[in-house]
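Each chain is listed here by its residues.
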Amino acid sequence: MKIQSKVIPIDIENIDTDQLMPAQFLKLTTKEGYGKNLLYNWRYVEGYTPNPSFELNNPAREGAKVIIGGNNFGCGSSREHAAWGIADYGIQSVISSQFADIHKGNLYNNGVLPIEVSAEELRVLMDYFLENPSGEITIDLESQTVKVEVIDFNTTFDVPPFKKKCLMEGVDEIQYLINMRDEIAAFEVANY
Amino acid sequence: MKTLFDKIWDKHVVKSITDEVDILFIDQQFIHEVTSPQAFNGLKSRGVSVFRPDRTMATADHNVPTINQHLPIKDQESAHQVKELTKNCEEFGVELFGIGHKNQGIVHVIGPDLGKTQPGMTIVCGDSHTSTHGAFGTIAFGIGTSQVEQVLASQCLVLNRPKTMKVEVNGKLNKGVTPKDVTLYIISQLGTEGGTGYFVEYCGEVFSEMSMEGRMTVCNMSIEMGARGGLVGIDDTTINYVTSRVAISPEKIAEWKALNTDKGAKYDKEVIFDAANIYPMVTVGTAPDTGIKISGKIADAQFITDKAKKYMGFNGTDAINEQKVDYVFIGSCTNGRIEDLRAVASIAKGRKKADHVNVWVVPGSMKVREDAIKEGLDKIFIDAGFEFREPGCSACLAMNEDKIPAGAICVSTSNRNFEGRQGTGARTLLASPITAAASAIEGVVTDPTKFLN
Ligand code: SF4
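From first to last, the protein sequence lines stand for chains P and R. So for the first sequence, our numbering puts the first residue at 1; every next one is plus one. So for the second sequence, our numbering puts the first residue at 1; every next one is plus one.
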């Protein structure tokens with residue numbers, strides 16, 4: 001997994017899942033179509049009229065596949081609809097200095113790579129991309145690196161090895177577990 | 001020497017796939033209408049069954065109306081979601097407590113009340129406040145829909161083991177301080193990310209003396225400091241609660257007690273608080289870590305942001321005491337149990353709400369509602385001018401019709417005060433049931449101590 005793309009910087013801390021996907025959009029029973037409601041309350045002024053001062057609506061950032069968000073990204077509820085919104089919008093990676101646990105898991109499970117950098121690194125990235133809407137970032141999962149060449153930014157990040165394997169090889173955790181059903185049944189018999 | 005958390009976790013590991021990743025067996029899954037349909041769709045498209053339907057229980061709570069539940073749901077999408085749940089439960093053989101059923105209610109209220117939540121278990125639900133069940137000495141946590149599907153398909157999850165954190169509160173609680181104030185205080189000290197990556201164990205005198213309902217309130221809010229979950233040791237309070245609902249053998253009880261944290265066991269992080277520093281609390285920002293004592297100033301909230309002050313319309317030097325209140329919401333999985341309604345009634349009895357305030361009392365389950373009626377609490381509420389409604393999540397997340405209007409201030413016993421959580425533009429002040437009741441009577445944010453003898 002290699003990403004080279006523009007970036008949407010959202011310089012706000014504690015972006016909670018109620019902002020990422022407000023409750024009124026949790027009523028669907030499918031996984032599709034959440035992208036247009038991502039960050040609805042900040043992104044639109046009324047109905048679906050774009051709020052021009054919100055970075056998601058900046059035309060210079062069109063096609064961006066990476067979001068940079070403030071510390072404690074995705075806090076709040078377990079609603080995977082927030083991650084579906086991010087994935088459906090076309091985002092492949094989210095960068096922050098810290099993610100809420102459940103949301104982080106939900107991002108992985110939808111093929112979106114959550115990357116944690118230090119608070120200082122986050123500041124550098126945020127400032128650069130706020131100033132430079134057409135600037136690009138390069139993310140490489142294999143070598144676990146994030147680069148922004150023009151400012152000589154270069155850092156590494158952690159990924160749990162199993163999550164890396166799942167992302168790189170497209171391992172489906174659900175199928176993995178279904179294949180273990182006999183072993184699980186034996187565990188249950190032995191322990192209960 | 002091991003902690004309670006480690007003992008329960010180790011007992012449930014089916015297999016370790018790497019040093020840090022375990023396949024964990026889940027004893028009980030709860031499901032509801034909002035985060036399950038896509039998981040069932042996943043099973044259908046794979047052509048697999050629910051692996052252990054007897055370890056799965058469903059209810060409809062998030063989306064249900066709290067008035068006229070006997071009539072068809074007006075909102076088409078909500079109606080569809082509830083119908084899907086019913087269909088899926090029928091098709092896959094899962095027990096469902098739907099609208100109108102005597103066991104229906106908020107998933108985290110009914111699980112314990114039906115005796116489904118038992119010490120030593122691993123429990124999950126597609127809802128972050130699953131941490132509530134930790135009050136029983138269980139590993140209980142919220143999961144996303146992909147994980148709901150994993151558990152439906154295999155009764156297991158692929159998980160990284162979280163770290164452990166001890167939160168100790170010693171001493172005696174001040175007058176008017178309830179479990180809700182204790183948790184709001186802890187979160188106001190640690191911040192919304194203070195527990196990220198950790199599973200918390202609550203220790204110390206304050207929790208050992210707390211009722212099960214109080215422990216549930218505290219564990220419920222663990223997620224609001226970022227923790228995956230929180231748990232309390234297993235003692236006679238726990239055992240009495242469970243055995244008054246289901247029959248349990250003496251061997252089982254001994255087994256449960258042996259799970260408690262060994263003396264000298266190490267946690268990855270420890271924090272200690274003094275109960276004497278805790279007063280009735282209310283939040284003033286748009287994150288649950290913005291609690292202050294009611295007599296305090298907005299600026300006392302160390303984690304409040306400028307953005308939050310702007311949204312709330314508060315200044316740092318403002319006081320919160322006597323702030324005018326438009327709505328009061330009493331309910332949710334944090335404070336929608338019978339004890340909470342009793343506490344509210346004790347203050348409402350013989351009094352009337354302020355004219356300008358709308359007060360909604362929404363019981364956490366059908367059983368809570370029935371018990372309240374049996375005890376005559378409904379009359380006290382109605383005489384006080386409160387609306388006594390039918391059970392559901394209601395204005396906690398405002399997914400149904402129970403929305404607080406833009407700009408209005410709502411004192412709420414729920415758990416989240418995020419922007420727009422209770423309705424677009426709504427301004428939420430989180431507080432305890434007695435603070436909510438006192439504020440309803442006075443029409444302004446009120447320290448409940450004045451109503452206590
Ligand atoms: S009452 Fe609120 S927090 Fe609890 S389950 Fe319902 S929506 Fe979630």
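Calculated directly from the structure, the hints in this document are not laboratory data. All C-beta atoms, glycine included, are put in the ideal place defined by N, C-alpha and C. There's no promise every hint is true.
What the hints assert, rightly or not - Partial list, derived from the structure: chain P residues whose beta carbon lies under 10 Å from chain R:
no., residue
1, 24
2, 31
3, 43
4, 72
5, 75
6, 99
7, 118
8, 128
9, 162
10, 174
11, 178
What the hints assert, rightly or not - So these bits of chain P aren't anywhere near chain R, every CB distance computed over 12 Å:
no., residue
12, 12
13, 84
14, 135
15, 180
Status of each hint after checking the structure:
Restraint check, residue 24/P versus chain R: the minimum CB separation of about 7 Å is within 10 Å; hint holds. Taking 10 Å as the C-beta contact cut-off toward chain R, the hint placing residue 31/P at the interface holds, the least distance being around 5 Å. The restraint placing residue 43/P at the interface with chain R is violated, with a minimum CB-CB distance near 13 Å, outside the 10 Å limit. Taking 10 Å as the C-beta cut-off, the interface hint given for residue 72/P holds, the closest approach to chain R being about 4 Å.
At its closest, the beta carbon of residue 75/P sits 6 Å from a beta carbon of chain R; the interface hint therefore holds under the 10 Å criterion. Restraint check, residue 99/P versus chain R: the minimum CB separation of about 8 Å is within 10 Å; hint holds. The restraint placing residue 118/P at the interface with chain R is violated, with a minimum CB-CB distance near 15 Å, outside the 10 Å limit. Because the beta carbon of residue 128/P sits about 22 Å from the nearest beta carbon in chain R, more than 10 Å, this interface hint is broken.
For residue 162/P, the suggested interface contact is upheld, since its CB lies about 5 Å from the closest CB of chain R, less than 10 Å. Hint on residue 174/P holds. Least Cβ distance to chain R is approximately 5 Å, under the 10 Å limit. Using the Cβ-Cβ criterion of 10 Å, the hint placing residue 178/P at the interface with chain R is satisfied: the shortest such distance is roughly 5 Å. In this structure residue 12/P is not separated from chain R by more than 12 Å, as the shortest Cβ-Cβ distance comes to only about 7 Å.
Some Cβ of chain R comes within 12 Å of the Cβ of residue 84/P; the nearest lies about 8 Å off, and the non-interface call is violated. No Cβ of chain R approaches the Cβ of residue 135/P within 12 Å, the least distance being about 25 Å, so the stated non-interface status holds. Taking the minimum C-beta to C-beta distance to chain R, about 6 Å, the non-interface status of residue 180/P is violated against the 12 Å cut.
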